[in-house]
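Chain Y is fixed; fit chain L onto it per the hints.
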Amino acid sequence: MDSQPVADAVLARARSGDASALEALYRAFETPVYNLARRICRTTEDAEDVMQETFFEVCRSIHRYRGDGSLWGWVRSITASKALMRLRRNKYRDTDELFEDFAPAKKDDTALRMDLEAALERLSETSRAVVWLHDVEGYTHEEIGSMMGKTPSFSKSQLARAHARLRRWLGEEVPA
Amino acid sequence: MIHCTLDQLIELRDGGSEPGLAEARAHLSQCDACSAELDRLHQRVARLRALPTLRPARNHWTAVAAQRRHEQLERRLRRGAWATLAAAASVSGVLVVGPMLQPEPPDGGLTAAAIAEAQQRSAQLEQAIDVFDPAARPIDGQTARVAQGLEDRIAELDQRIQVVELAPARNAADTERLDLWQQRVGLMDALMDVHLTSASDVGL
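Chain order of the listed sequences is Y and L. So for the first sequence, our numbering puts the first residue at 1; every next one is plus one. So for the second sequence, our numbering puts the first residue at 1; every next one is plus one.
If you are wondering where the hints come from, they were derived from the structure by calculation, not from laboratory data. Mixed in with the good hints, there may be bad ones.
As the list claims (entries may be wrong) - Residues on chain Y that point at chain L, a partial pick, calculated with CB under 8 angstroms: (1) A19; (2) S20; (3) E23; (4) R38; (5) R64; (6) V136; (7) Y139; (8) L159.
Computed from a prediction, not measured in an experiment: that's the story for all the values here. The beta carbon of each residue, even a glycine, is placed where N, CA and C say it ideally should be.
If we strip away everything but chain Y, and leave its shape as in the complex, we get:
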């Protein structure tokens, strides 16, 4: 996590709607919020929109943050929820997985040896979101299922399929 600590006094001022304190919150969390949004969303434009929606929501709802979890945890859950909402809106884009499932196997697929960044980018939006939320952010399958409006099993199977693909694309598959 790449956020700066937020002083209690700043948080108290932000809760009362103080614009400079709200801006301080933005400065403290802009990078991790953008990073999470960008890892889930396909394009930088979508990630920027999610980031803006997230901070708008933070400004509106900061008085509701009770301090019973970390402030980053709260901001992160807003970001994840906004990013997943955007994925649902962009569902029509999520056709690469169909292509992946039904296209004939490429002759030299294991020799692709993409770098991890490219392989992650190639995953479907849903699979990538599950991988990132579970393996990097540490959300449980129950939490991911709930955020996506799906079951924990859906999250588990997406994660396994995503790893199977990453393994192949990264050339890590061991011949049986």
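Quick look at chain L alone, frame taken from chain Y:
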């Protein structure tokens, strides 16, 4: 020999304790291929976590702050418009509908009085909620959703009230007006209850 599936390896990595996993765990302890696969899984995740942090190319605070100011202004305008509408409704009720209602049977007068009473009660509740200032108080997610639902219904109702109040043949719709105003009082009452209950729950 049946090797562990990727699903099983992920479950084992996550410390799963499902019944079928005991067998997979036992296999893993004796199988070099599966242990190597689990290692690769660990390494892949470690590399994912080590990917560089992506940073926004530009500053978005100005846009967020502008959107926030816009929403605050809209809220103020909505409150102002609402107060104007309520005042207009009561004044025009006296100036226009009042004389027209003179020859009406007694129940028409009762309806007008009931409308005035509902409008007054609605304004009182509106004022009480403003004084209570729920936006400045912490509430839980469930309460926020209920309050938001009520506010949405009040907003919808306000649009219908506006249509009826501004209609030229307004006296013909008195029963509908009364019904709408009474619905508004009910919703405002419920909204106030939600906020008061939430405040007492958190000890405010």
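Hints, verified against the model:
1. A19: 7 angstroms, holds
2. S20: This hint is violated: S20 of chain Y lies away from chain L, its Cβ roughly 10 angstroms from the closest one there, beyond 8 angstroms.
3. E23: 6 angstroms, holds
4. R38: Hint holds; R38 of chain Y Cβ to chain L Cβ min 5 angstroms, cut 8 angstroms.
5. R64: Holds. Min distance 5 angstroms.
6. V136: Given a least distance of 5 angstroms, the restraint on V136 of chain Y holds.
7. Y139: 12 angstroms, violated
8. L159: Holds - the Cβ of L159 of chain Y comes within 8 angstroms of chain L, reaching about 6 angstroms at its closest.
The structure is inconsistent with the numbered hints 2, 7, although it conforms to all the rest.
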